[in-house]
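S.K.: Taken in order, these protein sequences are the chains called A and B.
The first sequence begins at 0 in numbering that gives the first Met the number 0 and counts up by one.
The second sequence begins at 0 in numbering that gives the first Met the number 0 and counts up by one.
For the record, the hints were derived by calculation from the structure and aren't laboratory data.
Since the model is a prediction, treat every value here as computed from it, not as a measurement.
Every residue, glycine too, gets a C-beta built ideally from N, C-alpha and C.
Keep in mind that the hints are not guaranteed to be accurate.
Here's a subset of chain A near chain B, in silico, CB distances under 10 angstroms, partners left out [what the hints assert, rightly or not]:
| id | residue |
| --- | --- |
| 1 | 24 |
| 2 | 61 |
| 3 | 65 |
| 4 | 71 |
| 5 | 75 |
| 6 | 79 |
| 7 | 80 |
| 8 | 91 |
| 9 | 95 |
Each chain, written out:
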Amino acid sequence: MSVPSQKGSRSPTRDRQTTLFWLYVAGKTPNSVQAIANLQSICQEYLRDRYKIEVVDMLQEPLRALSEGVLVTPTLVRLSPLPVRKILGDLSDRNAVLHVLGLEESPE
Amino acid sequence: MNRKRIAPQPQGLEKMPTGIDGFDEITGGGLPRNRTSLVIGGPGAGKTVFAMQTLVNGARRWNEPGIFVAFEENSRQIIANAASFGWDLETMEKEGRLFILDAHLSADDIKSGMFDLVGMLASIKAKSDEMGAKRIVFDSIDVLLTFLNDPVTERQEIYRLHEWLAQEGPTGIITIRLAGDNLLLSQHYGFIQFMADCVILLRHYLIERVSLRDLRVVKYRGSKFEENEFPLIIDSKGIDVTSFRSKETKGKVSNERVSSGIERLDTMLNGGFFRGSSVLITGAPGTAKSTLCAAFAEAACRRAEKTIYISFDESADELVRNMSSVNIHLAPHIESGVLYIYSENTESRSSEEHLMRIKKLISEQEPRCLVIDPLSVMIRAGGRISALGVAKELLGLTNANLITTVLSSLVEGGESMVETSGIAISTVTDTWLDLSFVAQGGERNRALSIIKSRGTRHSNQVRELILSDQGVTLTDVYTARGEVLMGSLRWARIRAEALEKELTRAEIERKRIDLELADAETLARMETLKRQLEAQRAELALLIAQQKVQEEAWSVGQKDLGEMRDADKEF
């Protein structure tokens, strides 16, 4: 799974502008592949290089999701900036994603 | 891992016990192992408890770890309430015998596009492998479906879940909540039902304000099962199912006699009740039904026979106190453990619930004698099973275990033909004693009669039952001129008769003495006369002797004189 952005670190970023995402997927199932593509597209359009995505493959790390309360795949969690936001699905409803992430007004 | 593909053995597929006795009985061993079962029911029907209990029992009794996937918010609440069933889920989780996954899905979660359960199932699979889970519950799937909210996704994910269960091994239990009492499943549920190997329907409803639950196995692939509805209760230990199976009431027969606790009654019954038989005592309030019950119980305890006294009217303390006033002492037997008094004020329980409790008590205590005082409270409680059904079931059980059983039943005025009065029940009991009040001469007295007693030559006379601080006794009643007299009237009549007899006796005695006296007098007179006669005879004899002497004297004298005078012969 190649993701062009940096692998996220668990330490909180000092850059207030940087948005940190965890994206839970299940291997290469259609929904998961779709979600990664959709997220990258949104990020590139709205956040440029001010984002980090950590992709968590539940097939590889099955027990991690249990402790983090994630059930369905794909699930997107925005850890920062606060508040934490959670979106379920392949992120194909772009407007809903932008709305939740508060990005509607600033397309660049 | 592909255990499911193994062809069923000729004896049938392997079963996984739920540990819910009645259920395992109905299904001949439990749920189909390594397959998927559905538990369908309305709110409060007991789905979650059923599922959780199966996990807890599996972990505790058969060392089979389990996973509980809680979709429903309510199921978390039930987990919190589990302690009230005596389930220490926290400890079980720490020991790795149980894992509860809080999979509460909020409808408020924002959705964008398609999603699936692949990740979750992968996670659960990892957990399952880690702990070696043998049982897994998904509670409840309808919450998940509502959440998915798309017919295609729903079907797809149900398939996924089913396939996952089929492949991964643990025996699956999926619960589905139905809204309302409608048992017609929507298309979806029909589809789910089709996939499951075993489908269990739970119902919860009210009849005359009494809460009732029941369970029915709708489908069980590859296995025989009981198709009827079975009463289900939820009590302090969780779910219990009673398998009222139509057993043949071919009971055991004993010729041994067991004392009723009242000597005279034993005599009337030709030695007492038969061991393992059932006795019904009917009567109006206050006719001493409880006293008769207690007398029987005390006698049983004296023979050191374990006895259960189920008292619905009085608490154990009240019963002990009240009975001591008629010289029936139960307290020492409670202390020694021979007597177990179970008292409960249970207006809101159904008949089935009572019956199940009694069954439990019997299996726990293994009594030889049982008293239920009164049975009428229990069967009046309501429920689908008729009073007669309850009695039959109960007596079938006691008879099979040779438990001599005494049941009392309240009969109120004008109600004697109502089924619950005990009259109907009398048809299934072996002996029927009826207690009544007879009002006469301004007082009420208790009367006992044996209406029937199978296999026993018995007295058909009415006896008066007398309670005193000396105990319970039966007395003959006074029957004369076609009426039965009791109490003071009987006493008065007996006194009057005794007096009359006494007078007659005295009169005869007096006459006898008179006659004896007369006799003696006559005899005495006879004696006197005899003496007189003798005296007279003696006098007569003397007189004759004197006469003779005189005659002689005279003849001698004349001759002498003639010689002396030398009288010539020619004078």
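S.K.: Please go over all the hints and tell whether each is borne out by the structure.
M.R.: To see whether the hints hold, each was checked on the structure:
1. 24: holds, 7 angstroms
2. 61: holds, 3 angstroms
3. 65: Cβ of residue 65(A) sits 5 angstroms from chain B, so the hint holds.
4. 71: Holds. Min distance 5 angstroms.
5. 75: Holds, about 8 angstroms.
6. 79: It is violated, given that the least Cβ distance between residue 79(A) and chain B is near 18 angstroms, above 10 angstroms.
7. 80: violated, 17 angstroms
8. 91: Check passed: Cβ of residue 91(A) comes within 3 angstroms of chain B, closer than 10 angstroms.
9. 95: Holds, because the Cβ-Cβ distance from residue 95(A) to chain B comes to roughly 4 angstroms (cut-off 10 angstroms).
When held up to the earlier numbered hints, the structure conflicts with 6 and 7 and fits the remainder.
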